Amino acid sequence: MAEYEFETEGVKKTFTFMNRKAPYGTVYALEVLETVLISAAFEQHANIVFADDGVYQLKAGHDTTGIGMKNFSPTFGIIEMEKEDADEDEDIDMVWRIIVEKESMEARGLTADDFKVEVEVLSAAELADIVDASDCVISG
Amino acid sequence: MAAYTVNGVDYEHDEEGYILDVTNWNEDLAKVIAVEEGLDMTDEHWLVVNFLREYYNEYQIAPAVRVLVKAVKKQFGAEKGSNKYLYELFPYGPAKQACKVAGLPKPTGCV
Numbered sequence: 001m002a003e004y005e006f007e008t009e010g011v012k013k014t015f016t017f018m019n020r021k022a023p024y025g026t027v028y029a030l031e032v033l034e035t036v037l038i039s040a041a042f043e044q045h046a047n048i049v050f051a052d053d054g055v056y057q058l059k060a061g062h063d064t065t066g067i068g069m070k071n072f073s074p075t076f077g078i079i080e081m082e083k084e085d086a087d088e089d090e091d092i093d094m095v096w097r098i099i100v101e102k103e104s105m106e107a108r109g110l111t112a113d114d115f116k117v118e119v120e121v122l123s124a125a126e127l128a129d130i131v132d133a134s135d136c137v138i139s140g
Numbered sequence: 001m002a003a004y005t006v007n008g009v010d011y012e013h014d015e016e017g018y019i020l021d022v023t024n025w026n027e028d029l030a031k032v033i034a035v036e037e038g039l040d041m042t043d044e045h046w047l048v049v050n051f052l053r054e055y056y057n058e059y060q061i062a063p064a065v066r067v068l069v070k071a072v073k074k075q076f077g078a079e080k081g082s083n084k085y086l087y088e089l090f091p092y093g094p095a096k097q098a099c100k101v102a103g104l105p106k107p108t109g110c111v
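Protein chains in written order, with the UniProt record's numbering: chain U, 1 to 140; chain H, 1 to 111.
Worth flagging that the hints you see were computed from the coordinates, not collected in a lab. In this text, all values refer to a predicted model and were calculated from it rather than measured experimentally. The C-beta atom is built at its ideal place from N, Cα and C for all residues, glycine as well.
Lysine-lysine pairs mimicking DSS-like chemistry, simulated, CA-CA at most 30 Å apart:
#	chain 1	residue 1	chain 2	residue 2
1	H	K84	U	K12
2	U	K12	H	K70
3	U	K70	H	K70
4	U	K13	H	K73
5	H	K31	H	K96
6	U	K83	H	K84
7	H	K73	U	K12
8	H	K73	U	K116
9	U	K83	H	K80
10	U	K21	H	K106
11	H	K74	U	K13
12	H	K96	U	K83
13	U	K70	H	K96
14	H	K106	U	K70
15	U	K12	H	K74
16	U	K83	H	K106
17	H	K70	H	K31
18	H	K70	U	K116
19	U	K12	U	K83
20	U	K83	H	K70
21	U	K12	H	K80
22	H	K73	H	K31
23	H	K106	U	K59
24	H	K106	U	K116
25	U	K70	H	K31
26	H	K74	U	K116
27	H	K73	U	K83
28	U	K13	H	K70
Residues from chain U that keep clear of chain H, each with C-beta distances beyond 12 Å, as calculated:
#	residue
29	E5
30	G10
31	T14
32	G61
33	R97
34	L122
35	V131
36	C136
Sequences and hints are given; from them, build the entire structure.
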């Protein structure tokens with residue numbers, strides 16, 4: 001069996017997680033969320049971006065009783081908690097940003113106050129720079 | 001379906017001993033599960049179990065092990081904020097055993 005060597009000590013990359021789908025109906029939203037949570041264990045930089053119908057993932061007041069699926073909206077609170085921990089603790093070298101695309105938000109009649117967590121609202125043009133500066137983009 | 005019987009009430013559990021309905025949990029039931037797991041529950045065990053329950057209530061999933069370690073560190077001090085310490089409390093895996101006692105679903109991670 002081949003032996004692999006990983007030199008990961010001190011490696012720091014910027015990941016952008018692009019959420020573009022509505023929260024339920026497909027498995028994309030939940031899978032990306034789980035990937036984000038796992039990435040916290042490796043203390044990498046992350047931009048968690050919500051665009052297109054993905055902005056609905058963060059909307060407060062999800063009620064899934066009618067569709068018989070688990071409401072995973074409360075789990076987004078972990079992203080906010082991880083971000084706050086990283087911001088406060090100088091030992092954690094991890095920058096997390098929770099970003100909503102302005103155009104997508106406005107097209108759906110939403111404002112930053114409609115979301116469960118604190119977000120940065122950036123234009124599509126500003127978002128392009130973020131994606132450009134990322135080492136890795138994971139889209140869902 | 002197998003069940004724990006506590007004070008005359010049956011609580012159904014799966015083949016590995018995780019109770020099926022999180023909302024049915026109570027301390028007496030936790031004590032019975034702990035005995036089945038061979039655990040002698042100390043205050044420190046309870047602190048871990050209570051932390052897991054609070055976290056699950058708020059976020060609807062069990063915490064990652066590193067989050068649990070961090071929380072224990074905050075509560076008990078730096079020398080106890082380690083995986084090793086958690087394994088001393090819950091020898092068959094902190095997430096697995098502590099979640100079972102706390103009435104949470106089986107964690108999807110490996111420990």
